[in-house]
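With these hints in hand, go ahead and build the complete structure from the sequences.
For reference, the chains in residue letters:
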Amino acid sequence: MGYRLEQLAAACGAELAGDPALEIDGVCTLQRGRTGAIAFLANPRYRRYLAATRASAVILRPEDRAACPVAALVTPDPYLAYARVARLLVPPAPVVPGIHPSAVIGPDCELPDSVSIGPHAVLEAGVRLGAGVQIGPGCQLGVGVEVGEGSRLLARVTLCQGVRVGRRALIHPGVVVGSDGFGLANDQGHWLKVPQLGGVRIGDDVEIGANTTIDRGALEDTVIEDGVKLDNQIQVAHNVHIGAHTAIAGCVGISGSARIGRHCMIGGGVGIVGHLEIADGVVVTGMSMVTHSITRPGVYSSGLPAIPNERWNRVAVRLRQLDDLARRLLRLERRLGGAARDEASLGNTGSGEHHHE
Amino acid sequence: MGYRLEQLAAACGAELAGDPALEIDGVCTLQRGRTGAIAFLANPRYRRYLAATRASAVILRPEDRAACPVAALVTPDPYLAYARVARLLVPPAPVVPGIHPSAVIGPDCELPDSVSIGPHAVLEAGVRLGAGVQIGPGCQLGVGVEVGEGSRLLARVTLCQGVRVGRRALIHPGVVVGSDGFGLANDQGHWLKVPQLGGVRIGDDVEIGANTTIDRGALEDTVIEDGVKLDNQIQVAHNVHIGAHTAIAGCVGISGSARIGRHCMIGGGVGIVGHLEIADGVVVTGMSMVTHSITRPGVYSSGLPAIPNERWNRVAVRLRQLDDLARRLLRLERRLGGAARDEASLGNTGSGEHHHE
Amino acid sequence: MGYRLEQLAAACGAELAGDPALEIDGVCTLQRGRTGAIAFLANPRYRRYLAATRASAVILRPEDRAACPVAALVTPDPYLAYARVARLLVPPAPVVPGIHPSAVIGPDCELPDSVSIGPHAVLEAGVRLGAGVQIGPGCQLGVGVEVGEGSRLLARVTLCQGVRVGRRALIHPGVVVGSDGFGLANDQGHWLKVPQLGGVRIGDDVEIGANTTIDRGALEDTVIEDGVKLDNQIQVAHNVHIGAHTAIAGCVGISGSARIGRHCMIGGGVGIVGHLEIADGVVVTGMSMVTHSITRPGVYSSGLPAIPNERWNRVAVRLRQLDDLARRLLRLERRLGGAARDEASLGNTGSGEHHHE
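Residue numbers (numbering that gives the first Met the number 0), protein chains in the order written: chain A, 0 to 356; chain B, 0 to 356; chain C, 0 to 356.
Honestly, the hints are just simulated from the structure, not real lab data.
Because the structure is a prediction, the values reported are computed rather than measured.
Some clues are possibly wrong.
You can't tell identical chains apart in this list, so a pair holds if it fits in one copy or across any two.
To be verified - In silico SDA-like pairs for lysine to any residue, Cα to Cα no more than 20 Å straight-line:
#  : residue 1 : residue 2
1  : Lys192    : Arg83
2  : Lys192    : Asp220
3  : Lys192    : Ser256
4  : Lys192    : Gln160
5  : Lys192    : Ala243
6  : Lys192    : Gly273
7  : Lys192    : Glu219
8  : Lys192    : His291
9  : Lys192    : His262
10 : Lys192    : Gly143
11 : Lys192    : Leu88
12 : Lys192    : Asp225
13 : Lys192    : Arg166
14 : Lys192    : Pro91
15 : Lys192    : Leu169
16 : Lys192    : Arg46
Next comes the structure, spelled out in structure tokens:
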């Protein structure tokens, strides 16, 4: 389905530069443009492809406008404008209502006519689906599960007993929500399982990536608020609370009862220790470990960049000596005593040590 | 189902403080107590909720007894006592025997009448199940798989050919046991797959979390001993051996032929290198990397706590200079030579360097 | 099925030492040898088992030949020779053609007679399979998926719409290929999903481990070239490009648009940042984080080995002081000024700092 460029400009709030009646029927990259498609330029490293693009139009920033050989939509945030345009030009496939005969539906389910239930799906007793919900092939919904209107479980998603999902969720294959939390009491060396009796509540407009797992709470619920976006292979332990509009990249592990604020961004491979709080608006960069509560917004890190192995091995050896090195440095400073006095306030052992909260 | 408080005291070995005939029918948290339910106070940070709790009874330590406004079960280990009480008050749902008509059962399977096999489960030839085994919806058991009595595969669990699981296992959705190990021989730059011919043996009372994977051995078996507890999204490579009653938190990766002792605790996100041994009773804290055998019990770490990014970036730069910094420090020490002699034994380059095994 | 030792010698290019007519019918370890089976000795730590082995023959290096009490195949690369021999002696089970009646097959699929489609598999419209393809139980192939001849999807594999897999792939249970990439544009604090419109192209002879996930591209395709081997629980983000014959160990996370060269080896738990390039022939050791492009082959690291926790805690504190320590060291050097002049060229602040690319 096509739009005129002026319609797209209006839809994404960009300034139009070029023929308002230009017909656009799809999206493309700058490098592999095609007639009738619109590209975008957000990351400056792709600027080199602008001059030779074969796209019919480009969404770009004001400073790139002069260099654009074709029509343009000019906006301070080309990626956001592109998102709006792409959603218009390439909407998700509509849900085709119907229940596949191989699906197994338990008693007392509420299934509006508008829902789609795929092959080999299993709905246990008392499942309640909102209008237009899509349950893909091989999905499994336990007793009493609720899924709000417009949500899509694409394939092979497991929602265990009692899990509640809001509206317009998008859940990718392999996701498990509502598995038991890792609750164990030690009984003279043996582990005794602590029953996991809480649930999982997921708000509206949440996306959950492939093979991500979210455990049910021990007593209270695990909570994912509205607008949270989870990438693939994330582990969310019992009683975690993730605030609204927080985005979490792949391979993150969040330990039990951690409470993450709203509008946070957590980088890939981060680990978050349990029973702590992270304030609203916190950014944690990739492969960091959060071990204490973070009370102020800002960017936090502890990931180490790879360097050539030979050099790294020397660093790792010295790192183990670091406390000793620091003590030796202090000893030298003390020996140089009187003369160093004027600098001492800058140089005492504790001067570099601040708590990061 | 309810119990009198005196029955619960006896069941968990706690001292009773209050009305022995008090009826308790469930569990709750301190914060959200309700009449008829029992809470527990183990982590001191929840002590502030004790005074106002609406629970009918609380399991707590002797030192918290005086502050408890309601009946109490007094014990040095409230969490363990709670586990026992909760298991009594909220037992797992009983397994309802029967084979769903959509399940596909191969020839020569041994299926006692007491087993439950859910919709769309697939059992290939020669599968043997013990009494009361639950095979949930969408589970797949390969040729010759054995599962001991009382084990429960909740949903969508894959046990590949020949995998043997002991009694009373609890296996969560998305688990894969018996996939091929990552065995590759390099043939002039191309990888030649080495057939993975071993099996997987899992002992009694093992729990395996959602989306965890356990590879089959290359020639001998991968072994998970009795009472091991694995959280979600753990990767266990071929020929790993995990000793009895070891607990491993989420997102841990264990490389091939690593041998982990009994009664170990491995924190979330830890990586364990292959072909090493970890003694009994070792604790590894979150996001550490174990690169050498550990021969003595104790706590081991290499995870770095996140700090504000601006400070961390300076640390990361200095870290790359660390070998140089250490050499410069040594040079200064040498220049101050004679005078430093009395301190030299504390200060030589190697003094901070010990092997950690 | 058995072979004479001389046949195995020829098949793996090894020198025969012993009876050429010796019958070998299987493989075994050195420690648990048995009559009729052949073992191998590649890792020197297993040399101690050689003298007492009960294997009928051993594949080993020339230097171990004298110590071998039984027949031997002598070669500089025993592991490669073993791989060849094991593949001969224990070939994978043949694919039995046929479509299980519980499989659900959409319209317009191309399914040669030689394919095997297991119970509860789902093929949507327009799926095209090559000769001898095996689609195991519970696999799901979206609209227009293509799988090349001889490929095997063992069980519960999801290939989303339009994914293309080459010939002789081996895909383990729980794999998801073609889920949406994590593309989000921020709209005044809310995340707007960016449609993920690219595909995934997987070359020939690729192996993908259990529960690994590979996202579709945003506009162009995510690409896995020929001969790539992926272990379990790897996350490959949108538009990643992995060069031919690269092997990646378990739990690795690769961010969007990263481009990894050919013949690389990436260790377990590594994280790779997006929009960077890694040259051919790069090795990254376990749990490192690659944050910048790597332009030269070699070994790169940033993983830290675990040490006793008490010592590690001191290191972690000092690490946060490191910038301060370095400044204090420089200050001492400056105070010792003139006398240090001859060494200054070795000791300036920047001397240890090189970019690692």
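Requested in this report: Please flag the earlier hints that this structure goes against, numbers listed from lowest up.
Outcome: 8, 10, 16
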